[in-house]
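With the hints as constraints, model all of the structure from the sequences given.
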Amino acid sequence: MKAPRRLASLLFALLLGCAPAGLAEPLAVIAAAHGPLDKLAPDTLKRVYSRKSQLDPHGIRWIPVNLPAADPLRRAFSLAVFDALPEDLEEYWNIQYFQGINPPQVLASEEAVLRFVAATPGAMGYVRAHLVDARVKVLLLLPIPDLRH
Amino acid sequence: MALHRPIAPALLLPLLLSPPVQAGDGDGTDYRLGRGYALGDSGFRLGGYASAVVAAPRNLPWRFALKDLSLFVTWEREHWRFFSETEVSNALSAGQGQSLGVHEAEVEIERLYLDYLHDDALALRFGKFLTPIGRWNLLHAEPVVWTTTRPVATYLLFATNDTGLMLHGNVPLLGKRLEYQVYGGLGSALDPKQPDNPFANSIGAHLNLALTDTLELGLSYANFRLDENHAPSGTQPSDSLGYSNITVLYPVEFPDHDADQRQNLVGLDAAWSYRRFEVMSEWVFRAGGQERFWQGYVQGVAPLAGTPWYAVGRYEYFQQEWGPPGQLGVFGLALRPIPPLVWKVEYRLGSHNEAIAPDGLYGSIAVLF
Chain A
0 MKAPRRLASL LFALLLGCAP AGLAEPLAVI AAAHGPLDKL APDTLKRVYS RKSQLDPHGI
60 RWIPVNLPAA DPLRRAFSLA VFDALPEDLE EYWNIQYFQG INPPQVLASE EAVLRFVAAT
120 PGAMGYVRAH LVDARVKVLL LLPIPDLRH
Chain B
0 MALHRPIAPA LLLPLLLSPP VQAGDGDGTD YRLGRGYALG DSGFRLGGYA SAVVAAPRNL
60 PWRFALKDLS LFVTWEREHW RFFSETEVSN ALSAGQGQSL GVHEAEVEIE RLYLDYLHDD
120 ALALRFGKFL TPIGRWNLLH AEPVVWTTTR PVATYLLFAT NDTGLMLHGN VPLLGKRLEY
180 QVYGGLGSAL DPKQPDNPFA NSIGAHLNLA LTDTLELGLS YANFRLDENH APSGTQPSDS
240 LGYSNITVLY PVEFPDHDAD QRQNLVGLDA AWSYRRFEVM SEWVFRAGGQ ERFWQGYVQG
300 VAPLAGTPWY AVGRYEYFQQ EWGPPGQLGV FGLALRPIPP LVWKVEYRLG SHNEAIAPDG
360 LYGSIAVLF
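Chains as they are written, first to last, in numbering that gives the first Met the number 0: chain A, 0 to 148; chain B, 0 to 368.
Watch out, some of these pointers could steer you wrong.
[Stated by the list, open to error] Computed cross-link-like contacts, DSBU-like style, restricted to lysine-lysine with a CA-CA straight-line distance of at most 35 angstroms: (1) A:38 / A:51; (2) A:136 / A:38; (3) A:45 / A:136; (4) A:51 / A:136; (5) B:175 / A:45; (6) B:175 / A:38; (7) A:51 / B:175; (8) B:175 / A:136.
Hints listed in this document are in silico derivations from the structure and should not be mistaken for laboratory results.
Model, not experiment: these values are computed from the prediction.
Spelled out as structure tokens, the structure:
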């Protein structure tokens, strides 16, 4: 799945009018600085954000958070993790909703993600890597297209 | 609610004993269509779906109904998760020679269960749940399926709900994830609202393996008795109207059945999806005493380029006791202008299908809320 995912990321950058000049600043998947986890496998990240995994290895409920569906970072994250844009996942979430599973909650900004993740056991989010500070720690770095231009 | 009085207190007890919710959990109070309404930080979320159906079978009276009005209540905290679906069926109905009214309205609890999640590999469920046989039955709601009519193979040979205990979870297998459900029915005594076709003394299992991101395979097994006088046996309904798979519009009284005879059912199912394309199939075989029945379907869905319209086609095959095997073709269109909302229209045509799934035109509108 790596090749299609990379292709999709580059196409996404083109759609945004960005020059696909290689991968820029990575996206940092973060958890609270005092949390028990130090790293995360990409497959686990995918299962947490699809809510197939409910509890972390320590028995704490995962609380993944997303940025709004229109946010370029959310769209890049969705492509990197699911090889699909948020709107392509709506059918999946309809089915999950019918089965009593709700999608990750949405926070308005990267700063809101940092604050929430820092204060909430089990919470996980993503921000641009240069925004990471002492409140949180990085579990995984995801390469994404440069979306800041 | 008088219904489910025996199990409701047991299910609600952990909710009452749970600690307060940490700040920020949940989605706040924002409401979004199709994703429900979170009650602040309580951990509760309300939602549901509604559907209205028009059926015009070729040799039967036309019918209209506000078929489903279902309310979901979900709650989750740490290792616990609660879910209920309370449904008002036929809240409004009308038909040929019958004025619009509420005379056919019924309230039923479709699902009511509590999960204890030990970890991702093991969870215990207690309550009333959808029987995990195949795929359609687990996601049968109008807003998430592609046709108004329901494949015969997804409801006729087994009970669509069961009440009891279930172990479920997902485990790694050969580099993939295997989802499993193993259950045992505790009998209809826990379910005062008798369904049309209850299991008795059931045990069963369903396995689902995601081979790739786009392909899943499933295997079902169930062993059960059919409650006396409520047997879905594939036999001809005694009601001269027959019924479509819109069973709430065309109800059927199942014939008497040998309640001592245990039934064995095995099923295979598969689903492939890529972008907006989808192919799904499931087949079940049930054997008990002298009876043997095969039933199944294959369904394909394709988007109509650049539009929210989808073309849907389905082939069905079902063996039945009183005559040659029935076959059906279903051809339809579905419109999804926004994800939680779907309009559907289809024509169904078949052979030896008059009693179970009559030819005709069927349409619906459904929305998750």
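We went through each hint and held it up to the structure:
{"no.": "1", "hint": "A:38 / A:51", "in the structure": "holds, 19 angstroms"}
{"no.": "2", "hint": "A:136 / A:38", "in the structure": "holds, 9 angstroms"}
{"no.": "3", "hint": "A:45 / A:136", "in the structure": "holds, 19 angstroms"}
{"no.": "4", "hint": "A:51 / A:136", "in the structure": "holds, 23 angstroms"}
{"no.": "5", "hint": "B:175 / A:45", "in the structure": "holds, 13 angstroms"}
{"no.": "6", "hint": "B:175 / A:38", "in the structure": "holds, 21 angstroms"}
{"no.": "7", "hint": "A:51 / B:175", "in the structure": "holds, 13 angstroms"}
{"no.": "8", "hint": "B:175 / A:136", "in the structure": "holds, 29 angstroms"}
Of the numbered hints stated above, none is contradicted by the structure.
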